[in-house]
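> Between the sequences and the hints, there should be enough to build the whole structure, so can you do that?
2 protein chains.
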Amino acid sequence: MKKVVKFGGSSLASAEQFKKVGNIIKSDPDRKYVIPSAPGKRFAKDVKVTDMLYHCYETAMTETDFRGLLEQIKARYNEIIQGLSLDMSLDDEFKTIETAFKNKEGIDYAASRGEYLNGLVMAKYLDYEFIDPVKYIFFREDGQLDQEKTYNTLGRKLNKVERAVIPGFYGCGADGKVQTFSRGGSDVTGSVVAKAVLADVYENWTDVSGVLVADPRIIENPKPIHTVTYKELRELSYMGASVLHEDAIFPVRTEGIPINIRNTNAPEDEGTFIVESTCVKPEYTITGIAGKKGFVSITIEKDMMNAQVGFGRRVLEAFEKEGVSFEHMPSGIDTLTVFVHQDEFQQKEQAVLANLHRAVHPDSIEMEGDLALVAVVGRGMKATRGTAGRIFSALAHANVNVKMIDQGSSELNIIIGVQNKDFEAAIKAIYDIFVTIRL
Amino acid sequence: MKKVVKFGGSSLASAEQFKKVGNIIKSDPDRKYVIPSAPGKRFAKDVKVTDMLYHCYETAMTETDFRGLLEQIKARYNEIIQGLSLDMSLDDEFKTIETAFKNKEGIDYAASRGEYLNGLVMAKYLDYEFIDPVKYIFFREDGQLDQEKTYNTLGRKLNKVERAVIPGFYGCGADGKVQTFSRGGSDVTGSVVAKAVLADVYENWTDVSGVLVADPRIIENPKPIHTVTYKELRELSYMGASVLHEDAIFPVRTEGIPINIRNTNAPEDEGTFIVESTCVKPEYTITGIAGKKGFVSITIEKDMMNAQVGFGRRVLEAFEKEGVSFEHMPSGIDTLTVFVHQDEFQQKEQAVLANLHRAVHPDSIEMEGDLALVAVVGRGMKATRGTAGRIFSALAHANVNVKMIDQGSSELNIIIGVQNKDFEAAIKAIYDIFVTIRL
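Going down the list, the protein sequences come from chains A and B.
Last residue of the first sequence: 439 in the UniProt record's numbering, with the numbers rising by one and none dropped.
Last residue of the second sequence: 439 in the UniProt record's numbering, with the numbers rising by one and none dropped.
There may be inaccurate statements among the hints.
Which copy is meant is left open, because identical chains are indistinguishable; a pair holds if it fits in one copy or across any two.
[Said to hold, decoys possible] Below, a list of computed lysine-lysine pairs in the DSS-like style, where the Cα atoms sit at most 25 angstroms apart:
| hint | residue 1 | residue 2 |
| --- | --- | --- |
| 1 | K302 | K292 |
| 2 | K382 | K302 |
| 3 | K102 | K48 |
| 4 | K135 | K321 |
| 5 | K102 | K26 |
Source of the hints: derived by calculation from the structure; they are not laboratory data.
Okay, here's the thing in structure tokens:
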């Protein structure tokens, strides 16, 4: 068995957290490849090391003395090193970094040092080999991962290494310099490593016990999801559930490697398994609820529109011309409603309206802003009759006015439009009916 | 007050029915302009006079002796004339028709004679002026009503006539010959006359006591709808409720003239008022239920489709290229479902699929046929929270599997996709919950 384990910033924020991580890794000899993030926050108002690095580098760019800031970063690492009683010093590393900052080595280089240094500490602490991804993970000219080169080089290397620490978040750009993934990209590194070694599982350790049924800012102590399919997760995260870096799904998905989201602070919890498909019956009828605020609906009315082949296409074209993407397009008989993102639409409103008038000569156009979309997602919904009935009864009892309903024949989700002000109430009502009351 | 009254074929099928019509007209002196259809069926297996005329004319076209057939038609009228003890003969009229048939005057001329002759009988019976629409209702070269000419000519004429009978269904084509509206077009004549005289109401007398909440072939003795808006009616009739000729709505709608659907056999019933808008509270939460069988759903899946501006437009284009119109397009996150008419789609299936593959490179396409769409329509739904909940609970209790839900922000209707086999059960369940149980 080979397990790739990635630890998030809060799991590595202090020596105390490092010890938890060490125990987790040592408790299972299959945990062979470790991807650390940079040290995160130790307390609510703490600053993440990555943010300190950005600030420090920006200061360096203004030709101001940045050594004090760099010292603060060094202090974060020294606190960890001392806390773990490690016999190591990062003095030389910090000298190199100081020089590189002076030479304006680049913002990506600066940002990546958080993971790089944490990787050195972690390798020392675990007595694992340190592998610098700048030599094994490659980006193409267009900024995307160079898959062929990466998997060849990284795979060949890791095949020869029994146990290794590979810092997350960065690799080598087409120009030979350090290049990072987008923020949160350590998830992607873990996924790339898991694919490169054909791991049996990719464990992603965070500070929550898995993917939650609903947003904990809205629902108090929401239940974790035991098993979620990639498709369900994609729908939940598209609709606002923040779990994993989105790009982290694709490498392992194609290899059938499950991702296991775990909690460093509660390693006894099983966490959530993210899988391609499963016959594990979901615990509740729904797998999860997610949502986003800030949509506008544009309702176009025109007598006999259904008789016109091409009407819908021309409507969408009016939005596309201005680069506005649509989220949903429910239709009645002589009406068509298009849901778009309010922030994307606002600037282009008048241009889109003009396009619509020219393209389809509507009888009327009505717009409503400040709408939210709620997605109820679940592979179990197909098998359970009456899910829709329960959702809409619950919403009615909660006095939530339903502005839109959209359920395609995949039956994996129902998307509901409500007013922004009803957003939290809607999610609470749905959570309660399926999870708390467990109807 | 001016009322325009149109009577359908079954209201004029026999002398007995004529007497009912006579009593209706005489009971209200405002009923000044009468539009008769041709005599309809007197009993289930009877033949409508219009169908007899078509058959007779087609026989004439084959140079076969058609006089026997014409005699049968004449007998229908004579039965009415004798039943009403009218002092009139249609012998000369039938001689003219015989000659015209021999001269191949045209199928429209032939079909129109049912209304023409019935108009003569009606005018005699009521002692109203007979007005032949061939002189007052005009079509353009493209076959559409010549509105300007018609309303000018007809309006000027009717302003000078206190009471008149104007046969339905036909007028004068651009070539000066008789031209008919499409089948059922007497409704349109009534509507055109109502607009020409700026009537206070257009009464459309049939054999049902108004527009029904649901199809009587599915629901036993469904309740009539007291007041329906044009918009609601348009949605119901688009989805299969057969009430009025669709074109009959437009002339009066723009003039704010209500249409009152009445029952010749139960004139005491108030019937249904079809109005532009109303503050009359609907009797039930829903106004009506209608539906159609025979749809196919095509579900297109593609990772990250939501990130692609233009994806939906390209999907619709793939259908449009083959001339296939779509009914609904519900969407999930990475899925888009297009509902189309099965009969329209079947021939073009492979071409559409090829277009789709070329246009959007889907991850997968799934199709499901034998689906039905049910529309629950009602202006009262917006004001009543929980309508959707009740609908879907009812469907769940009835073991109906919901394949699609589509509700735009007009909130005037909810459209539900079910399997063909569940169609009747779905309509029954919804009817019962809102009308029988009256939840």
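> Now tell me, hint by hint, if it's right for this structure.
Here's how the hints hold up against the structure:
Only between protomers do K302 and K292 lie at most 25 angstroms apart by alpha-carbon distance; the minimum there is 21 angstroms, versus 30 angstroms within a single protomer. Proximity of K382 to K302 under the C-alpha cut-off of 25 angstroms is restricted to the inter-copy arrangement: shortest distance 20 angstroms between copies versus 34 angstroms within a copy. In this assembly of identical chains, the alpha carbons of K102 and K48 lie at most 25 angstroms apart only when taken from the same copy (22 angstroms versus 98 angstroms across copies). Taking CA atoms no more than 25 angstroms apart as the test, K135 paired with K321 passes in neither setting, with 43 angstroms inside one copy and 51 angstroms between copies.
In the homo-oligomer, the alpha carbons of K102 and K26 never lie at most 25 angstroms apart, since the shortest distance is 40 angstroms inside one protomer and 104 angstroms across protomers.
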